[in-house]
Amino acid sequence: MTLTDSPGTAGTAAGVKPVLEVRDLSVSFPTDDGLVQAVRGVSYRLMPREVLGIVGESGSGKSVTSLAIMGLLPRTARIAGSACLGDQELIGAPYSTMQHLRGRRISMVFQDPISSLNPVYSIGWQLAEAVRAHHDVSKQAAADRAVDLLQLVGIPNAKERASNYPHEFSGGMRQRVVIAIAIANDPEVLIADEPTTALDVTVQAQILETLDLARRETNAAMVLITHDLGVVAGVADRVLVMYAGKPVETGTVDEIYYSSRMPYTLGLLASLPRLDDRKGGALRPIPGSPPSLLNLAPGCPFSPRCTYRGDVCDEQEPELLEVAPGGHRAACHFSDQLEQRREAPVLETDATLQEELA
Amino acid sequence: MYAFALRRLLISVPLLLVSSMIVYALVHFAGDPLRDLEGRNPPVPPAVLEERRRLLGLDKSLPEQYWNWLTGIVTGDFGPSVKGIDIGADLSRRLGVTMRMVILAILLAVILAMVVGVLSAVKQYSGVDYTATLLGFIALSMPVFWLAALLKEFLAIRINQAIGKTVVYTIGESTPGLEGGLLTKLADQAGHLVLPTIALAAVNYAAWSRYQRSSMLDVLNSDFIRLARAKGLSRRRVMVRHALRCALIPLTTVVALDAGAILGGAVITERVFAWHGMGEMLLNAANDQDVNRLLAWLMVSAVIVVLFNLVADLLYAYLDPRIRYA
Ligand SMILES: Nc1ncnc2c1ncn2[C@@H]1O[C@H](COP(=O)(O)OP(=O)(O)OP(=O)(O)O)[C@@H](O)[C@H]1O
Ligand SMILES: [Mg+2]
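Those protein sequences? They're chains F and V, same order as listed.
Quick note, the first sequence lines up with residues 1 to 358 if you use this note's numbering.
Quick note, the second sequence lines up with residues 1001 to 1326 if you use this note's numbering.
Just chain F, with the same shape it has in the complex (with noise of 0.2 Å):
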C-alpha cells in the first residue's frame, strides 16, 4: 500500500476547520468491582481528508473512544468531555441529534465484521436500509445504489450478490459490506476500529486497500484504529499512541517511526517483524502487560514496563507535552534523553520482566 495523497501536514493551513475535534474525553464504567477508567483524557484533532492512526495495545481504550464519539456506548457509561463534529456537540447529544448525524455525517466500521450484519437480511436490504434511513429515495433507487456500493467495495457479480446472506459471505467479503454500509451516505468522518484484526492475514491488505479506496471515493477525514504500527505507517497522516486509557504520544507518522520520545512507543517499533533486518533476530514484545484501569495506581502507568524509568515515574503521571515545535509530542518524564535516538530503537528488556514472560 503507497502512503496517501493527502500531504503529511493536511489541514494545519490557518483557515481551515477541524471536521472532528475531540477534547478531554473520558470515560468510566461503574462495575462490581469499581470504576474502571477506560479513557482517561483523550484529545485529538481530525481535519479534513486526514488519516489519523491511534494505535495501542489491546485495552488502551481505542475502542470506547470511538463508541463515546458515536454515542454508542451503554447507558452505565460515564463521559465527560467534548467532541465535536464541525459546530455539533456529539457527547450528551440526545439520541434524535445522533439519529441523523451517525451514517450521514459520521460513520464507523466495527472490529468483528462476522457478527456485525443481521443475519435474516439480505446484504442488499441492509445496505438499502442505510441508504434510505438519510435519502427519501425509492426502495428501487436504494437498492441500486446498494449495488453501486457492493461494486465499488469490490464485491463481484454486486448484482447477484446483494440477495445473499450475511451467512453466504466470507469475513474479508462481510467487512466490505460493512465498509460499503459505513460510506453509503458520502461521511465526512470514517472511523475505522480494527477493521482487519479479525481477519486472515491474506485478507488483511485488501481489506486496508478498499478502506483507503472508500476513504478517497467520499473524500471522508479517517481514524483508523490498530494495534499494528506497521499498518498505520502506510495509510496514515498522523499517529496517536495510547496507554491505558491515555494519549502518550502524538505526532506525524515519521515523528513517530523516527524520533519517538516515548518508551511505550519505542517498544511497539521494536515489537515490528522488520523487512531490513540483517541480524535475521526474533521480534522483541514489550514484556509484561498493561495496568487494570481498575483503581490505577499514581505515576505513570507504563513504567512497571519501562527500562528508562527513574523514581519519578513511581510518583507523578507524566503529561502530555510538546517535544518539537509542529504538535509532536508525548507524556515520558525522560522524552528529552530520548531525543537522540534516530532509528527505530533497540529495548533493552528488563532480565526479571524477561523470565516473567518465559
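Note that these hints are calculated values from the structure, not bench results.
Wrong hints could be hidden among the right ones.
What the hints assert, rightly or not - Some chain F residues close to chain V (C-beta under 10 Å, calculated; not the full set):
(1) Met98
(2) Phe110
(3) Tyr121
(4) Lys159
(5) Glu160
(6) Glu168
(7) Asn185
Since the model is a prediction, treat every value here as computed from it, not as a measurement.
For every residue, glycine included, the Cβ atom is placed at its ideal position computed from N, Cα and C.
Once you've looked at the hints, dock chain V with the ligands against the given chain F.
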C-alpha cells in the same frame, strides 16, 4: 422455502408411524382389556368373553391387530368401543372443544410473553422489569388447578357482580340447551372460555416471557444492533426490525416444544372447569379400560404435537434464512 416445507412435511409421516407403534405397544402391554369381565362374580359366561375378544380383535396376532387398527384410523375408523361409543364422532366434538381453549391459550401466552419479555429487556432493571419478573415467578410457581380455583372463586364472581349478570362462567364449555342465534352461542362459548384460557396460558406465559426477555437481551447486546444504530436508524426501527425480529426466532422452538405440556395442562384445566373435552375423554377411557378410545386419544395427541412442531419448523425457516438454505 417450498422444498424445505415439503421435506419437513414428509418427515412427519415416519414420525407419526413410529409414534403409532409406540402408542399401540404401550396400551397393549399396559393391561388386559378383558380383566374387568374376567374377574366378575358370578363369572361371565365364556361365550360372552369370546364374543368380546373377537369384537376387539384379540384373537389375532399382535402385528395383525396393529395393522388392522392402523388401517382403520387412517380411514377415520377408530375401532369399536367397549361402551358402544362412536369414537370418531365423540372425538371430533371433544377435539373442537379442547383445541379452541388450547389455541387461544397459546396465542394469549405468546403475545403476552412477547410484549412483556421485550419490554422488560428494553427497560432492564427498571420498575417494569422487576414487576414483570415478580409476576412471572408467581405465575410460574402456581399450579394450574390452584390458579383455576382462585380465578373461579375471586375473579369470576367479581366480574359477574360488577356487570350485574353472568358473563364469565365457571363450569362447562357452553350452556347446555341454550336457545338463540349464532351470536348468542358464540358469546356464550366465549364467556365459558375466559377463565380456563387464562389458567392454561398463565404458566406458559411466565416461562416464555422470561425466555423472550433473555433472548431479547442477547440480541440487544449483539454487534449487529450496534451497527444498526451506527447506520442512523430510529430507536423504533432498531428495536422492531432488527432486535425483535431476531429475538423471535428462539421463541418459536420453545413454544413448539411446550405444545405437549400444554395438552397435558389442558387435561387438568378441563377437569377443574368440568369441560366435556379431550381431558374427560382420557380419564373416562382409562376408567373404562376402553382400549380403542385410549388409543384414539393418544394418537390424536401425537398428531397435534407433530403438527405444532411442523408449524414451528416452518415459522423458524421463515424467520431465519440460515435454516431455509441449510
Ligand atoms: N461496558 C463496559 N463495562 C466495563 N468495562 C468496559 C466496558 N467496555 C469496555 N470496558 C473496558 O474498557 C477498557 C478499554 O476497552 P476498549 O475496548 O476500548 O479497548 P481497545 O483498545 O479497543 O482494545 P482492543 O484492541 O482489544 O479492541 C477495557 O479494559 C475494557 O475492559
Ligand atoms: Mg477495540
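ask   = At a threshold of 10 Å, is the proposed contact between F:Phe110 and chain V supported by beta-carbon distances?
value = For F:Phe110, the interface hint holds, since the closest Cβ of chain V sits about 6 Å away, which is under 10 Å.
task = Using 10 Å as the Cβ threshold, decide whether F:Glu168 counts as touching chain V.
result = It holds, given that the least Cβ distance between F:Glu168 and chain V is near 8 Å, below 10 Å.
query = Was the hint right that F:Tyr121 lines chain V, CB cutoff 10 Å?
reply = holds, 8 Å
ask   = Is the interface hint for F:Met98 satisfied, with its Cβ closer than 10 Å to some Cβ of chain V?
value = holds, 8 Å
message = Given F:Asn185 as an interface hint, is its Cβ closer than 10 Å to any Cβ of chain V?
response = For F:Asn185, the interface hint holds, since the closest Cβ of chain V sits about 8 Å away, which is under 10 Å.
task = May I ask you to test the interface hint for F:Glu160 with respect to chain V, counting a Cβ-Cβ separation under 10 Å as satisfied?
result = Violated. Min distance 15 Å.
message = Quick check on the hint: F:Lys159 CB to chain V CB, less than 10 Å?
response = violated, 19 Å
Checked against the numbered hints above, the structure breaks hints 4 and 5 and satisfies the rest.
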